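S.K.: In the order they appear, the protein sequences are chains H and F.
Just so it is clear: in the first sequence, position 191 is 191 by the working numbering, and no numbers are missing.
Just so it is clear: in the second sequence, position 213 is 1213 by the working numbering, and no numbers are missing.
Simulated from the structure, these hints should not be mistaken for laboratory data.
Note that the coordinates shown come from a computational prediction; the quantities given were computed from them, not determined experimentally.
Where a beta carbon is used, it is the ideal one built from N, C-alpha and C, also for glycine.
Heads up, some of the hints might be wrong.
As the list claims (entries may be wrong) - Selected chain H positions facing chain F (Cβ under 10 angstroms, derived; list incomplete):
(1) L62
(2) D63
(3) L65
(4) L94
(5) G106
(6) M118
(7) G152
(8) L171
(9) A174
(10) R176
(11) Y186
(12) N225
(13) T229
What the hints assert, rightly or not - Computed list of lysine to aspartate or glutamate pairs in EDC-like fashion (alpha-carbon distance at most 16 angstroms, straight line):
(14) H:K134 <-> F:D1251
(15) F:K1078 <-> F:E1198
(16) F:K1017 <-> H:D63
(17) F:K1017 <-> H:E46
(18) F:K1210 <-> F:E1198
(19) F:K1017 <-> H:D173
So the chains spell out like this:
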Amino acid sequence: MKLYSPNKIFKSFFAYIILLSLSLISLFPLFWMIITSLKSPAQITEAPLSFIPRPIVWRNYLDALTRFPFLNCLKNTVYLVIMNMLGVFFSCPLVAYSFARLEWRGRDFCFILLLSTMMIPFAVTMIPLYILFKNLGWLNTFKPLWIRAFFGSPYYIFLLRQFFMTLPSDLEDAARIDGCSSYGIYWRILLPLIKPALIVVGIFTFLNTWNDFLGPLIYINSIKNYTLTLGLQYFQSGGYGTQWHWLMAASFATISPIIVVFFIFQRYFLQGIVLTGLKS
Amino acid sequence: MFRSEKIIRRHGLAREKAVAGYICALPWIIGFLIFVLYPTIASLYYSFTYYDGINPPTWIGLSNYRKMFTDESYYFNKTLSNTIFMLIFDVPICLAVGLILAVILNQKVKGLSFYRTALYIPCIVPLVANSMLWMWILDSRNGILNGTLRIFGIEGPAWLGSPAWSKPALILMDAWQTGNIMLIFLAGLQGIPQQYYEAAEIDGAGSFYKFTRITLPLLTPTIFFNLITGCINVMQLFVRAYIMTNGGPQDSTLFYVLYLYRNAFTYFQMGYASSLAWILFLIILTLTLIQVFLSRRWVHYEIV
């Protein structure tokens, strides 16, 4: 029988207090963003800070989102997310399958090559790729921002390969005896089995595309092609930088889809961080 | 007869597998050649040339590399000292915050997933939106940080407007976003066998002793992993410096990649920018190799 000592109760009580206050500190800046986005300009500069907007100015969202071409930026970002997801889902599991399950000469060498490309900083390939896309006439189009997804990303290939490796080979052998080809095994048997890993890869692709700033900054130069991140930065630097109520409304509108996705896929999300984090 | 048929079939299977292997890996092979190998070599070549991105590059030997220490030495040293400042303060502070959060979360408390989510959420906010938010929080007149300090009778600094406080302001932002580090530490902590703690408890060890003699040593590989990735991330800090301060005030947030970006896309010094990129590459390569080498040694120790 186990009895709780007063010491233990005090200790866990203390842990709760600490965790609760840390969580509040962690969440507060986001609450502050929402609070500010609903305040009137007069309330924002008010001397003792108030935590409740009075009155609640919903109009801020309408005003901010029309001043910065939100819907158009949203459309562009969603387009890029879809193209990148298609590309990643086409290429990464296929390549990962080849590395994990098929035997071909030079495979292990190629795999080491793949791993070592992870070390190359974006800054190194940035300039030649810019020149390459410029010569192709692709500047100010979306192509440079999604084309590479169709050729695989080393992180995702690595992650998916590890998943393929854990699957038992019985199913594969049985299918071989039935005369199934390597492609059939991939498409009909193994791909459905790695769904959880595909979800992780999908979430990361969504996030990285949604949040990308440097890519659009380099390749996009007309407002009609701006993504949300670029649009938000343009809104801030284009004269609305101190209109905090509008800036916070626009910022919150930009991040709200991400928060929704986070809550829907939370389990996969946290798993994914640890998986990619412990890659080495 | 039967045997040779089997050999042929097995041979056929191996062949089929090999052909399928090449075909399935083809997207990556093509992508590697066009989007990785070619740009990397081209970048190395550009780094030895004068190149404005329009006229063909002209070979100038090591001039770009020399330029960092001569004509451009003011900016180059500035970016180095700014980056080193962040390496010395930002990385350890974030590591410490992440580790403390992970240790607290690793206590057996109810509602763990709620706290974990709450502490992780800052990490999902896109850098651009996050920059907007913190520019508002750190605003010297109406920002909530200085507003709170004022309640205690402290007049806060101008944060992003002050050369002395701009980097600490960025560190504060980073310390708020240690969710990734925390999750990796949490996974590391959960990998430590419980028996060690039980054995130590029988010997009458206190919490502090357990932490310093069991947790920390066994967590070394995780700490080191976070340290190296932290350093690599700090060296590539760009978005916030570009949006929040644009390198200022007085170049106090002019970080390496921002400087490189400016040379490439503002001054069109593509050759010089490429040489900067290669220096960065060599530093990151060294750090990664140290990480790989040391992690091998640690794994070895654990097996023994």
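S.K.: Starting from the hint list further up, note which numbers the structure goes against and sort them upward.
M.R.: The structure breaks hints 1, 2, 3, 8, 9, 12, 14, 15, 16, 17; every other hint is satisfied.
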